[in-house]
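Enquirer: Residue numbers (this note's numbering), protein chains in the order written: chain F, -3 to 294; chain A, -3 to 294.
One or more of the hints may lead you astray.
Same chains, same names: a pair is fine if it fits in one copy or spans any two.
[Unchecked claim] Straight-line distance between alpha carbons at most 30 Å, and here's what the computed DSSO-like set of lysine-lysine pairs gives: (1) 67 - 108; (2) 58 - 274; (3) 277 - 64; (4) 220 - 184; (5) 149 - 220; (6) 191 - 286.
These aren't lab readings, by the way, just hints derived from the structure by calculation.
In this text the structure is predicted, and so the values were computed from the model without any measurement.
There are 2 protein chains.
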Amino acid sequence: MSLLIVGSIALDNVETPHGKVVHSLGGSAIFTSMASKNFCKSSVVGIVGDDFPKKHFELLNKNEINTKDLKVIPGKTFHWSGKYNDLNKAETLDTQLNVFADFDPQLCEDNKNCDYLFLGNIDPVLQLRVLKQMDNAKITACDTMNFWITGAKANLLKVINKVDILFINEDELRMLTEIQNIFEAAQKAKEMGPKLIVVKRGEYGSFAYSDEFIFFAPVYPVRKVVDPTGAGDSFAGGFMGYLASVGNFEESTIKNAMIFGTVTASFNVESFSVDKLKDIKIDDILARKKVLEKSILL
Amino acid sequence: MSLLIVGSIALDNVETPHGKVVHSLGGSAIFTSMASKNFCKSSVVGIVGDDFPKKHFELLNKNEINTKDLKVIPGKTFHWSGKYNDLNKAETLDTQLNVFADFDPQLCEDNKNCDYLFLGNIDPVLQLRVLKQMDNAKITACDTMNFWITGAKANLLKVINKVDILFINEDELRMLTEIQNIFEAAQKAKEMGPKLIVVKRGEYGSFAYSDEFIFFAPVYPVRKVVDPTGAGDSFAGGFMGYLASVGNFEESTIKNAMIFGTVTASFNVESFSVDKLKDIKIDDILARKKVLEKSILL
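Let the sequences and hints guide you as you build the complete structure.
Expert: If you want it as structure tokens, here you go:
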């Protein structure tokens, strides 16, 4: 099955204790699509400026990531500049929306018929516009962030009410629900509409929460985190890509998707940008999956 | 097999968002022994003042916790007063060592022959004195805290070098090893001597680290944490109690001990003091173990 990915596409400056990069390929749609490439074909929906290097288009297309709805308009590509001091929390130094300010996702007919949809962390108004164009999607998912929870809650709640899966980090889940206990908070979020809440907890892993089950995925024991940027997006990419490759929404599929998401994200944080994601193959993923499974097997 | 538990015995004042208690039974040796009671017989080594209520002795003895080496001397029992604002971090309001300042653990002959030893978080000098009296122990374990890492590191390293298992929380592991990456830090701690490092991560669960394996135990999804005091000690009590009940140090035994420790701690945090620990039976523990196992089963 095919996966449609909507989100930001950026040229980022990132500095971590392990180095720095300038104008490197980033953005939620990039990390998610590059993370899903080993599982399924995908299409990205986004916008870039005419400064966006041609080699990035080539990278996407080489990985069977369709760019028909990746619009290029005159101007500069979205730019984020950030710094990690302790690898757990990014400090934003600069954000330049640039052409992203004019983003108005319009899907081509092919993309409207994708079976799986991932709405990356963008303005809920835009997420809603995409949802409206996707009547036939089998499974829909969204991510969000504190900025929209505080600034666009009404629209965000509409999005959450419509999707099957909410990806959210633990601080934002507490902010969204105003509940401190993380399991009570997940329950409250579930009552907002989605069938499944996927709570991301950074270096502590993640858990999936539904009416039927709760499933904890530990983090993959990475020894050297080079750059955490895109960890959540690459987790979602591995998760959604695997889901789309299987084509059902059963408990065991979801649990395996959690492990595939975890493993995919573990590769992503070992390099800047998508440097590692672009090179890994399904065998690399399966090898780490085996290690991770052993670490939770009684 | 029998378990010897050395640690503090206290009359605590604790305040959390769910209430407060005054002069309630606490201390590392109490939480550990009451947590191990469903798995094995134990003996506590500690000291209290003549204000220590007789009913607490009765509670311990009723649960087959031997108090021969629980010394009573004139004076007041160790007192800790603390407050939790967000249930994750205690704010110490007052500490009165009282008779605990004169603690000099001397074991009776029976206790010297215990097979399993847990050294709760006390001055490493005292931990060393107990270790010297326990030549025949099969498995020894210790806990510690930031106070000793900064203030008594040389002696603490001697203790760590001698024990089989180090229980430590993640912040303290980073402090002890001066390594930020938690898996690298666990590796460094292992090189200090123990066969096994058990890293406690509060609401995120724990992991066990050895040369042969790594095992992640998620936290039990408690919906209402009433008082986190003693969570780490009751985890260690469930862990060590189960280990002593099985009598080997195999990988599968250790992994199950992680789950038993987690489940036992989950009961402890649902009440003040040992109010819940004292009432639970092995069937309650097994029921939660089943739930927890399901939440990590693919």
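Enquirer: When Cα atoms must be at most 30 Å apart, do residue 58 and residue 274 count as within-copy, between-copy, both, or neither?
Expert: within (10 Å within a copy, 63 Å between copies)
Enquirer: One pair to classify: residue 67 and residue 108, alpha carbons no more than 30 Å apart. Within, between, both, or neither?
Expert: within (16 Å within a copy, 76 Å between copies)
Enquirer: At most 30 Å between CA atoms: does that hold for residue 220 and residue 184 within a copy, between copies, both, or neither?
Expert: Between. Shortest inter-copy distance 15 Å satisfies the 30 Å Cα cut-off; intra-copy 36 Å does not.
Enquirer: Tell me, please, which holds for residue 149 and residue 220 at an alpha-carbon limit of 30 Å: within, between, both or neither?
Expert: between (37 Å within a copy, 27 Å between copies)
Enquirer: Within a copy, between copies, both or neither: which one fits residue 191 and residue 286 at a CA-CA cutoff of 30 Å?
Expert: Answer is both: 28 Å inside a copy and 24 Å across each meet the 30 Å cutoff.
Enquirer: As a check of your reading, is residue 277 near residue 64 (CA-CA no more than 30 Å) within one copy, between copies, both or neither?
Expert: Close inside one copy (25 Å), not across copies (62 Å); limit 30 Å.
When held up to the earlier numbered hints, the structure conflicts with none and fits them all.
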